[in-house]
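> Sequence:
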Amino acid sequence: MSHRLRCRQYLSGYQRTARLCGCAYYVAELFGFYHCNVTVNAPVLEFSDVSKRYGGRVVLDHLNLTVERGEFVGLVGVNGAGKTTLSKGLLDLCHLDSGSISIFGRDSRRSGARSHLAYLPERFQPPAHVRGRDYIRFYSELHGIAYDEDQVRALASSLDLDFEVVAHPIKTYSKGMMQKLGLLCCFLVDKKLLILDEPMSGLDPQARAFLKSCMARLKQQGKTLFITTHMLADVESICDRLAVLHQGQLKYVGSPKCFSEQYGASDLDSAFMNCIAAEKEPALQ
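Per the numbering used here, the very first residue in the sequence shown carries number 45; after that it's consecutive.
Please note that a few of the clues may not be correct.
[What the hints assert, rightly or not] Computed Cβ-Cβ distance ranges for the label pairs, DEER-style:
#1 S142 <-> H173: 36 to 44 Å
#2 D206 <-> V102: 40 to 48 Å
#3 D206 <-> G308: 42 to 50 Å
#4 R197 <-> A253: 35 to 43 Å
#5 G246 <-> G308: 31 to 39 Å
#6 D234 <-> G308: 25 to 33 Å
#7 I189 <-> Q291: 16 to 24 Å
#8 E208 <-> A86: 39 to 47 Å
#9 R197 <-> R153: 31 to 39 Å
#10 A86 <-> E193: 18 to 26 Å
#11 G308 <-> E193: 46 to 54 Å
#12 C138 <-> E185: 22 to 30 Å
#13 H173 <-> D206: 37 to 45 Å
#14 E305 <-> D206: 38 to 46 Å
Read the hints as simulated data drawn from the structure, not as lab findings. Even glycine gets a Cβ: it sits at the ideal position worked out from N, Cα and C.
Between the sequences and the hints, there should be enough to build the whole structure, so can you do that?
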């Protein structure tokens with residue numbers, strides 16, 4: 045049996061499993077099968093009174109946040125602050141104790157609502173034995189998009205990914221190369237909303253600069269971006285607003301510039317430390 049046929053059978057089986065289980069690494073993307081129209085003038089994302097506990101630990105505590113069309117918003121917080129839990133709630137991968145999340149005015153629990161977003165998880169783990177090109181082809185077909193090698197080549201170049209790499213099995217990729225593959229797939233499907241969990245993870249300084257240029261072009265196209273990150277410098281250069289999540293609550297929501305001013309610091313890192321050390325106070329909206 046040829047390598048290509050084995051890969052096709054593997055991906056076919058993986059797709060069937062993903063459809064049945066709804067728990068693939070790109071589960072939000074799989075819901076592209078069920079298209080749903082957006083509600084005119086509705087926010088892109090709206091988190092309303094969202095709460096979540098794990099046992100006795102409060103992870104999200106009556107959280108409220110709105111993301112408007114064309115906005116780039118960065119969610120920052122220490123490890124375990126609840127950033128990933130919030131993303132999982134958005135993608136209907138975990139049950140919320142209370143509250144609601146809407147996407148373009150539609151309940152996020154409706155699969156069709158998620159048809160307008162692309163999602164990159166923090167740990168992107170595509171099938172190791174599949175070639176990058178076959179994975180991209182599978183991903184395109186999943187969204188009803190014809191594989192366009194010229195488009196893939198251009199996207200790879202924009203992300204500082206050697207196009208020749210996609211001819212090799214993913215198991216040979218470095219962390220950075222794998223991250224670029226995931227980003228390429230997200231950008232390829234041309235969604236209105238991108239949810240990226242630690243998008244700079246594993247990228248060297250040059251690749252980070254390339255990705256920031258890609259994001260600037262997405263901004264010009266009117267896309268909406270919601271990222272979770274530990275890198276405050278990236279938030280400052282990419283995002284219109286940042287949201288600081290600490291102990292289950294949003295301690296601050298606003299522009300990076302105002303964040304530094306409010307917490308009396310010359311840089312975002314110092315402002316962040318001052319913010320999480322401050323007494324509990326109402327979040328700015």
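> So, for every hint listed, does it hold in this structure?
Structure-based check of each hint:
Range check, S142 to H173: about 43 Å between beta-carbon atoms, so the 36 to 44 Å window is met. Distance hint check for D206 and V102: the Cβ-Cβ separation is about 46 Å, which falls inside the suggested range of 40 to 48 Å. Judged by the Cβ atoms, the range 42 to 50 Å given for D206 and G308 holds: they are separated by roughly 45 Å. R197 and A253 have their C-beta atoms about 20 Å apart, which leaves the hinted 35 to 43 Å range violated.
Between G246 and G308 the CB atoms are about 34 Å apart, so this pair conforms to the stated range of 31 to 39 Å. Look at D234 against G308: about 42 Å separates their beta carbons, and that is not inside 25 to 33 Å. Our hint of 16 to 24 Å for I189 and Q291 is violated, since their Cβ atoms are close to 42 Å apart. Here the CB-CB span from E208 to A86 is close to 43 Å, well matched to the stated 39 to 47 Å.
Range check, R197 to R153: about 38 Å between beta-carbon atoms, so the 31 to 39 Å window is met. Taking 18 to 26 Å as the suggested C-beta distance range, the pair A86 and E193 does not conform, at roughly 37 Å. One distance hint, 46 to 54 Å for the beta-carbon pair G308 and E193, holds here, with the actual separation near 53 Å. Range check, C138 to E185: about 29 Å between beta-carbon atoms, so the 22 to 30 Å window is met.
Hint check: H173 to D206, Cβ distance near 20 Å, so the stated range 37 to 45 Å is violated. The supplied range of 38 to 46 Å is met by E305 and D206, whose beta-carbon atoms lie about 43 Å from each other.
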